[in-house]
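> Here are the chains, one letter per residue:
There are 2 protein chains.
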Amino acid sequence: MLKVSMIVIGDEILNGRTSDLNGGWLAQYLFKMGMEFKALRFIHDDADEINKALIVSLEESDIVITSGGIGPTVDDKTKKSLADYFQKNIIERPDVALIVTENYKRFGRPWAPEQNHYHFFPEDFIATNNPLGLAPGIVYFEAKNQKLVMSAPGVPREFHEMVTSEFLPLIKQFFQNRFQENFQTVIRTKGISEEKIFFELCPTLWSELEIFGKVSSLPHTIGIDIVIGYNGNLNEHLIKLEKIHQLIKSSALAVHVWQYGNRAINEMVLNYALENQKTFSFAESCTGGLVASKMTDLSGSSAVFKGGVVTYSNDAKVELLGVDSKTLEKFGAVSIEVAQEMARGALSKFNTDFAVSLTGIAGPTGGSELKPTGTVVIGFASKHSSGARVYLFPGDRIRRKERFSDMALLQLLDLMMSEIK
Amino acid sequence: MLKVSMIVIGDEILNGRTSDLNGGWLAQYLFKMGMEFKALRFIHDDADEINKALIVSLEESDIVITSGGIGPTVDDKTKKSLADYFQKNIIERPDVALIVTENYKRFGRPWAPEQNHYHFFPEDFIATNNPLGLAPGIVYFEAKNQKLVMSAPGVPREFHEMVTSEFLPLIKQFFQNRFQENFQTVIRTKGISEEKIFFELCPTLWSELEIFGKVSSLPHTIGIDIVIGYNGNLNEHLIKLEKIHQLIKSSALAVHVWQYGNRAINEMVLNYALENQKTFSFAESCTGGLVASKMTDLSGSSAVFKGGVVTYSNDAKVELLGVDSKTLEKFGAVSIEVAQEMARGALSKFNTDFAVSLTGIAGPTGGSELKPTGTVVIGFASKHSSGARVYLFPGDRIRRKERFSDMALLQLLDLMMSEIK
Numbered sequence: 444m445l446k447v448s449m450i451v452i453g454d455e456i457l458n459g460r461t462s463d464l465n466g467g468w469l470a471q472y473l474f475k476m477g478m479e480f481k482a483l484r485f486i487h488d489d490a491d492e493i494n495k496a497l498i499v500s501l502e503e504s505d506i507v508i509t510s511g512g513i514g515p516t517v518d519d520k521t522k523k524s525l526a527d528y529f530q531k532n533i534i535e536r537p538d539v540a541l542i543v544t545e546n547y548k549r550f551g552r553p554w555a556p557e558q559n560h561y562h563f564f565p566e567d568f569i570a571t572n573n574p575l576g577l578a579p580g581i582v583y584f585e586a587k588n589q590k591l592v593m594s595a596p597g598v599p600r601e602f603h604e605m606v607t608s609e610f611l612p613l614i615k616q617f618f619q620n621r622f623q624e625n626f627q628t629v630i631r632t633k634g635i636s637e638e639k640i641f642f643e644l645c646p647t648l649w650s651e652l653e654i655f656g657k658v659s660s661l662p663h664t665i666g667i668d669i670v671i672g673y674n675g676n677l678n679e680h681l682i683k684l685e686k687i688h689q690l691i692k693s694s695a696l697a698v699h700v701w702q703y704g705n706r707a708i709n710e711m712v713l714n715y716a717l718e719n720q721k722t723f724s725f726a727e728s729c730t731g732g733l734v735a736s737k738m739t740d741l742s743g744s745s746a747v748f749k750g751g752v753v754t755y756s757n758d759a760k761v762e763l764l765g766v767d768s769k770t771l772e773k774f775g776a777v778s779i780e781v782a783q784e785m786a787r788g789a790l791s792k793f794n795t796d797f798a799v800s801l802t803g804i805a806g807p808t809g810g811s812e813l814k815p816t817g818t819v820v821i822g823f824a825s826k827h828s829s830g831a832r833v834y835l836f837p838g839d840r841i842r843r844k845e846r847f848s849d850m851a852l853l854q855l856l857d858l859m860m861s862e863i864k
Numbered sequence: 444m445l446k447v448s449m450i451v452i453g454d455e456i457l458n459g460r461t462s463d464l465n466g467g468w469l470a471q472y473l474f475k476m477g478m479e480f481k482a483l484r485f486i487h488d489d490a491d492e493i494n495k496a497l498i499v500s501l502e503e504s505d506i507v508i509t510s511g512g513i514g515p516t517v518d519d520k521t522k523k524s525l526a527d528y529f530q531k532n533i534i535e536r537p538d539v540a541l542i543v544t545e546n547y548k549r550f551g552r553p554w555a556p557e558q559n560h561y562h563f564f565p566e567d568f569i570a571t572n573n574p575l576g577l578a579p580g581i582v583y584f585e586a587k588n589q590k591l592v593m594s595a596p597g598v599p600r601e602f603h604e605m606v607t608s609e610f611l612p613l614i615k616q617f618f619q620n621r622f623q624e625n626f627q628t629v630i631r632t633k634g635i636s637e638e639k640i641f642f643e644l645c646p647t648l649w650s651e652l653e654i655f656g657k658v659s660s661l662p663h664t665i666g667i668d669i670v671i672g673y674n675g676n677l678n679e680h681l682i683k684l685e686k687i688h689q690l691i692k693s694s695a696l697a698v699h700v701w702q703y704g705n706r707a708i709n710e711m712v713l714n715y716a717l718e719n720q721k722t723f724s725f726a727e728s729c730t731g732g733l734v735a736s737k738m739t740d741l742s743g744s745s746a747v748f749k750g751g752v753v754t755y756s757n758d759a760k761v762e763l764l765g766v767d768s769k770t771l772e773k774f775g776a777v778s779i780e781v782a783q784e785m786a787r788g789a790l791s792k793f794n795t796d797f798a799v800s801l802t803g804i805a806g807p808t809g810g811s812e813l814k815p816t817g818t819v820v821i822g823f824a825s826k827h828s829s830g831a832r833v834y835l836f837p838g839d840r841i842r843r844k845e846r847f848s849d850m851a852l853l854q855l856l857d858l859m860m861s862e863i864k
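Line by line, the protein sequences give chains G and V. If you read the first sequence in my numbering, its first letter stands for residue 444, the second for the next number, and so on. If you read the second sequence in my numbering, its first letter stands for residue 444, the second for the next number, and so on.
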């Protein structure tokens, strides 16, 4: 397996200003591509530190990917440090000037050599396109030791795109025949804790699954995901997948499984609605628009998602959704009755086939003994039915909003599946 | 400066299943606490790998923090590996049993020694509470070499809480007098690129700022942030802050600054509205509820944020916001006229002091030559005025939603500040 180390260059990570680590993304990507993520180092934009990190990283890995420090400002020292490390001179390179010109052209801007020093580049190094930015990627393959060093910008979208479209082809080129595919079988459960699954309900499940590969159990918004990972070819994967599904389906865990697979709940909702040409809408209170936002993260959602209402106040629930003010008075905003009326209101206002509503207490304040913080009522409505269910979720405000939202989407999917046969 | 290395133990990170790295959070936290984040290593839940990572980490750092592998399942090998590394026996410890009992009690659940092996613990090690979970934290201070090793769960919220409330006091206890505070002065700009700032508008600014400390420039949703970091005491910080602000305010960059500080835009909106007791609402199209969701991420927002409408379809714009269907026909959904009517609609439906609307093209499809993908019209309305502004943002769909949303919140803040005097 090809080993990869990453060096994150720049103060913005070390001083905690940037929390969206490219490392998290790279970990996912490398796994999919059958490579092993060995280590991630954070260093300052300092020649000496870059040099030290390169020594360690090149010792432990075949490939070193760096992010950051390749822009035009004075604190960007990656290029010079790499050149020094491999004892190459930085020279004016007309071929790199062409790449830079192309990068600028994509933004509709001209580039001239006086603007900056992008075209001063180490001899024998490879410059790559930057599909979403200006600075070219910096690549060097040391044939003698079979080591590949690649530097991309630190801006996440530029980094992701450069690794995907520019670096991967080069990795394949320099390390032919060293790839092997990774596969995962994922089982997603709800309403049961990790401990309950493996100690009470199915005490032998873990070891039975280990026959197929490496087992992990991971808490996610809706519940615990069980992941079995292994290498092999596609045919072997499909056989294992089938056997694992059989094993789970015949176990006591089966009733807690909401998905034999690894798709995000918003994608499942969108695909199912598109396939069946059904529309839906939301009425949100405690999630404050997050359910709608999750759906609209997906391109194409406008064909089935007609809209939503965020009614934080009681007045808005009455005015925009037609909730009866008597219902609010009698049962309170967080109640099965109000949730149901909210869903019916959204259904009729947006004239959709289905509607889901949420009313709850995300916290940290607002809870009571009867309705503690973390309580959420998820209502649903269609032309044929309406109803609501009550859940209680742990977590802080942000995490609860996530869990409430994903559970509402799961309820929408369940509703659609039960009515469309 | 105390040096800290982190080891992330477990397949879920290496195989890319979990993208929310605790490392990103720890980087921020350590900076605030005046410690240096040296390296982050990813390893499998494997005794040999844990051992190797410990050797390297303890060599380069004073403190090693690990995450993951301390749960009750079979793949959790951290405790045993740490015990072996420091040549300590794992014994049954009644004191740890008490901590575990407490952890369970917080979840309203009983614990008995038969349930799991949490109370088998290395001699001389310290067990900590787990305020948000069940597994106790594992800590060992090797006095001879002045090295501290601390293991927390991998679940982000448990990890964050354990580091904050349990580990930090122990770090302070074992490494007294080795702290020094870090400070930052942050200047947030909009509507101008990094290159334009430092190469065209203010070519000497970077070096002028470097007199105060380490300078970084960071792209964020609204624009470029300039950060100057330095050590010192609070008084020295306040003097530097004042001088840096003076410098920027007298520079050509001043007109592009939207904040002398480092607060999130949703917090600024909330605080300003709370201070002035003003309410607001949103009418969203392309951002699909993200603006409302950003506001409701903040506890206390319900006092001023009355609600929002997500109108993806034209019908919904007419039905829920009272947009004139003739306006839609004549100018199209993405237009100054429709944005303005949407804002006025939200203002009247939610009966708020201010309303902001968005209509645009998040992409990747839907753009035209006249209204390219990335176009957004942000409308605003109050009792005294209404209007709209057009922006064009780069990025992919998700990033555009973020930028559109933050810009809408900035526009709301501007609107409130211009009308409340």
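Honestly, the hints are just simulated from the structure, not real lab data. Treat the hints loosely; a few may be bogus.
Pairs involving identical chains hold if they fit within one copy or between any two copies, as the list cannot separate such chains.
[As the list claims (entries may be wrong)] Computed cross-link-like contacts, DSS-like style, restricted to lysine-lysine with a CA-CA straight-line distance of at most 27 angstroms: (1) Lys657 x Lys864; (2) Lys446 x Lys520; (3) Lys495 x Lys446; (4) Lys495 x Lys590; (5) Lys633 x Lys520.
> Are the hints correct? Go through all of them and say.
Against the structure, the hints come out as follows:
no. : hint            : result
1   : Lys657 x Lys864 : neither (37 angstroms within a copy, 63 angstroms between copies)
2   : Lys446 x Lys520 : both (25 angstroms within a copy, 23 angstroms between copies)
3   : Lys495 x Lys446 : both (19 angstroms within a copy, 16 angstroms between copies)
4   : Lys495 x Lys590 : both (16 angstroms within a copy, 23 angstroms between copies)
5   : Lys633 x Lys520 : between (49 angstroms within a copy, 26 angstroms between copies)
In this structure, the one hint that does not hold is number 1.
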